[in-house]
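Protein chains: 2
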Amino acid sequence: MDQIPMHLGVSHFSTPAVAVEGLQEALLQNDTFYGPTEGTMSLRQAVAKRYLEEDGIPLPESQVLITAGAKHAIHLYLQSLLQPQDQVVMLAPYWFAFPDLISLSGGELVSIPANPQEGYALPLEALKAAITPQTKLLILSNPGNPTGKVYTQEELQKVAHLLEEHPNLHVLSDEIYDGLQYETPPFSMLRFEHLRDRISVVNGFSKSFAMSGWRVGYLIAPFEILERATALQLKTISGVSPLTQAAAVQAMEHRQQIWQSFKEDLAPKRQRVQEALAQIPALSYTTPDAGYYFTLDVSACLQEMNSNSLYKTVEEWASGLKNQVGLEVLPATNMGMPGAVRMSFALPDHILESALLRLKAFVI
Amino acid sequence: MDQIPMHLGVSHFSTPAVAVEGLQEALLQNDTFYGPTEGTMSLRQAVAKRYLEEDGIPLPESQVLITAGAKHAIHLYLQSLLQPQDQVVMLAPYWFAFPDLISLSGGELVSIPANPQEGYALPLEALKAAITPQTKLLILSNPGNPTGKVYTQEELQKVAHLLEEHPNLHVLSDEIYDGLQYETPPFSMLRFEHLRDRISVVNGFSKSFAMSGWRVGYLIAPFEILERATALQLKTISGVSPLTQAAAVQAMEHRQQIWQSFKEDLAPKRQRVQEALAQIPALSYTTPDAGYYFTLDVSACLQEMNSNSLYKTVEEWASGLKNQVGLEVLPATNMGMPGAVRMSFALPDHILESALLRLKAFVI
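Residue numbers (full-length UniProt numbering), protein chains in the order written: chain P, 1 to 364; chain S, 1 to 364.
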């Protein structure tokens with residue numbers, strides 16, 4: 001049977017034409033030589049302009065480092081901040097790449113589960129209890145990956161209070177799914193200006209601009225950290241291609257129309273998945289506020305809760321789903337949420353319909 | 001006065017049209033999504049084909065990792081090979097980025113000077129004396145940067161013997177200026193097939209394909225090292241853009257005509273620089289076998305040897321050159337050759353002529 005890839009972290013959208021035109025213009029101008037390590041001035045300015053226009057935050061372009069994708073931005077940041085044995089607190093489920101990135105920089109992950117029954121609301125008390133003198137960093141994805149949770153301003157205010165109470169604590173806010181929210185736009189952590197010496201943001205073009213193959217991301221960080229990150233970028237990769245950055249500039253300048261068109265496609269799909277899941281009571285889920293994933297709790301389909309089940313673990317369940325009905329989803333075990341899977345709905349309509357039929361046939 | 005940039009590690013050539021066409025074709029095919037961490041199959045195959053056709057080396061494409069430039073390939077390699085306190089032997093002068101890359105991976109640089117009076121010939125006895133049980137790696141640039149030295153097959157045979165005598169010693173051969181030799185093509189270290197479990201090659205598209213802004217390089221390494229390098233690439237940058245790789249494929253396929261056209265431009269320029277330097281006896285130099293740099297020993301222009309000189313150090317001399325006649329060259333102090341500078345001649349003819357006049361006026 002053909003396989004439907006609902007496990008991928010990439011949408012079915014092609015890169016917007018305006019971005020390709022940005023590249024073509026750069027080629028016409030022969031912009032094929034090494035660029036600055038920090039990134040091109042035009043992309044750093046476009047990023048700063050975005051935060052000014054969307055969030056009302058005056059941000060000097062000198063505080064923006066362009067990186068080889070958002071993962072690379074996180075890597076440079078963690079290498080520049082962490083010392084061995086520093087503790088890093090994250091809310092689970094989290095993006096699966098974080099644990100390796102943290103341990104590569106010598107940090108120790110402390111995972112705090114957020115409750116799906118409460119819509120993955122910020123678990124303030126658990127967070128407070130987890131923060132010790134060894135805690136150097138809190139990583140927050142907003143919108144969440146895989147949860148699609150958009151934190152309210154009130155929740156983020158609580159995070160800001162945590163920073164006020166713990167003067168050595170930093171926050172890295174991963175905002176790479178911003179723009180793809182269905183209702184309230186996410187509130188960037190950068191808005192807490194009085195804490196800007198300890199607040200950093202990572203973002204990029206792979207998700208909300210459908211530019212995963214262009215490898216452009218960025219880091220906004222306090223100057224001291226940014227300088228170290230820039231020095232490390234210089235030592236290890238020199239810098240990012242000015243050609244792909246020229247494409248990213250145009251994407252950023254046209255972000256509102258790009259986000260609008262993506263959401264017009266994704267919103268009815270999110271609705272369709274909800275309707276289909278409502279008919280599969282064994283799978284519990286939370287409707288994402290943003291992005292294109294559902295996180296499904298499949299524990300009611302495993303042997304521990306269902307003695308008729310053939311599957312002991314979520315990995316076995318996902319293998320069964322793949323082998324029997326050709327549907328690929330991503331077990332969330334390494335996202336800190338055993339018993340759950342991440343399922344993307346960023347697929348063409350007819351494929352999504354087939355996927356939902358297959359899921360229902362497999363589970364019921 | 002206008003500044004003439006002879007300090008840069010980049011030529012005046014634009015990226016070849018065939019490479020740009022490779023990118024255009026990939027855009028038409030919508031190849032804008034994440035590619036494989038290892039690199040695209042077509043680029044890995046094109047690299048393998050190059051080594052088969054140029055060097056007669058059968059190389060499985062699975063032994064090729066595509067990286068975000070050659071510097072990144074070196075970084076991934078050193079991170080995958082070195083343990084803290086491992087010694088790394090290099091012949092000086094060497095590429096200025098190596099010391100930082102080595103120390104970032106915990107290695108200790110042991111620098112062995114090669115003698116310009118002997119044309120930077122391989123100093124075998126000094127090398128032998130430098131290799132201890134702590135020596136993990138010998139790094140060789142062939143063609144040399146900044147020297148432009150192409151090692152003879154006999155010299156490389158001696159390196160192979162060193163490996164035979166020291167069963168824990170590895171070699172990294174930096175071959176990024178290959179293709180730009182004026183006479184005998186460099187002999188790739190990969191030809192020593194019986195030592196392939198300890199021989200690695202780094203190469204890329206920035207120099208001999210004029211694609212510095214595309215950020216594509218590659219590492220050819222023993223499988224065990226390559227696996228670690230690939231895992232680290234996955235953790236830190238996911239992979240390289242399939243778009244820029246598509247351009248690199250076409251460049252590689254058309255390498256002979258590209259190299260030919262670059263050398264037809266560079267060879268008379270090398271000749272002109274030689275003629276001009278012959279009239280400036282205070283600057284001693286060796287004519288490069290490959291590439292587009294002259295390494296000039298300027299110590300006869302410094303105070304220690306010339307009491308009339310205004311300049312104590314090569315940095316002061318280079319500043320004087322820049323400020324008085326608008327000529328930028330690169331002091332070789334951090335290339336392990338104090339008293340020398342690196343000077344590129346990859347410039348348009350009329351600019352090169354002006355540069356040579358300025359140099360003569362300044363020195364004489």
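Hints are supplied without guarantee of correctness; some may be wrong.
The list treats identical chains as one, so a pair stands whether inside a single copy or across any two.
[Stated by the list, open to error] As a list, the in silico DSS-like pairs of lysine-lysine whose alpha-carbon atoms are at most 30 Å apart:
(1) K322 with K235
(2) K360 with K269
(3) K136 with K269
(4) K360 with K158
(5) K49 with K158
(6) K136 with K235
(7) K322 with K263
(8) K136 with K322
(9) K360 with K49
(10) K158 with K312
(11) K128 with K269
(12) K263 with K49
The set of hints was computed from the structure by calculation and includes no laboratory data. Predicted model only: the values in this text are computed from it and were never measured.
Alpha-carbon proximity between K136 and K235, which holds within one copy, between copies, both or neither at 30 Å: Both, since 25 Å and 21 Å are each at most 30 Å.
Alpha-carbon proximity context of K360 and K158, limit 30 Å: Neither: 40 Å inside a chain and 68 Å across chains, both beyond 30 Å.
Same-copy or cross-copy closeness of K322 to K263 [CA-CA at most 30 Å]: within (28 Å within a copy, 55 Å between copies)
Copy assignment of K158 with K312, given that the CA separation must stay at most 30 Å: neither (39 Å within a copy, 60 Å between copies)
Identical-chain pair category, K322 with K235, by Cα at 30 Å: between (43 Å within a copy, 26 Å between copies)
Copy assignment of K128 with K269, given that the CA separation must stay at most 30 Å: Close neither inside one copy (37 Å) nor across copies (68 Å); limit 30 Å.
Intra- versus inter-subunit Cα pairing at 30 Å for K360 with K49: The answer is neither: 45 Å in one copy and 48 Å across copies each exceed 30 Å.
Homomeric proximity label, K360 with K269: Cα distance no greater than 30 Å: Within one copy only: 16 Å inside, 71 Å across.
Up to 30 Å CA-CA - K269 versus K136, copy category: neither (39 Å within a copy, 56 Å between copies)
Identical-chain pair category, K136 with K322, by Cα at 30 Å: neither (40 Å within a copy, 46 Å between copies)
Status of K49 relative to K263 across identical chains (alpha carbons, at most 30 Å): within (22 Å within a copy, 45 Å between copies)
Intra/inter-copy verdict for K49 and K158 if alpha-carbon distance must be at most 30 Å: For K49 and K158, the Cα distance is within 30 Å only inside one copy (27 Å; across copies 58 Å).
Hints 3, 4, 8, 9, 10 and 11 from the earlier list are contradicted by this structure; the remaining hints agree with it.
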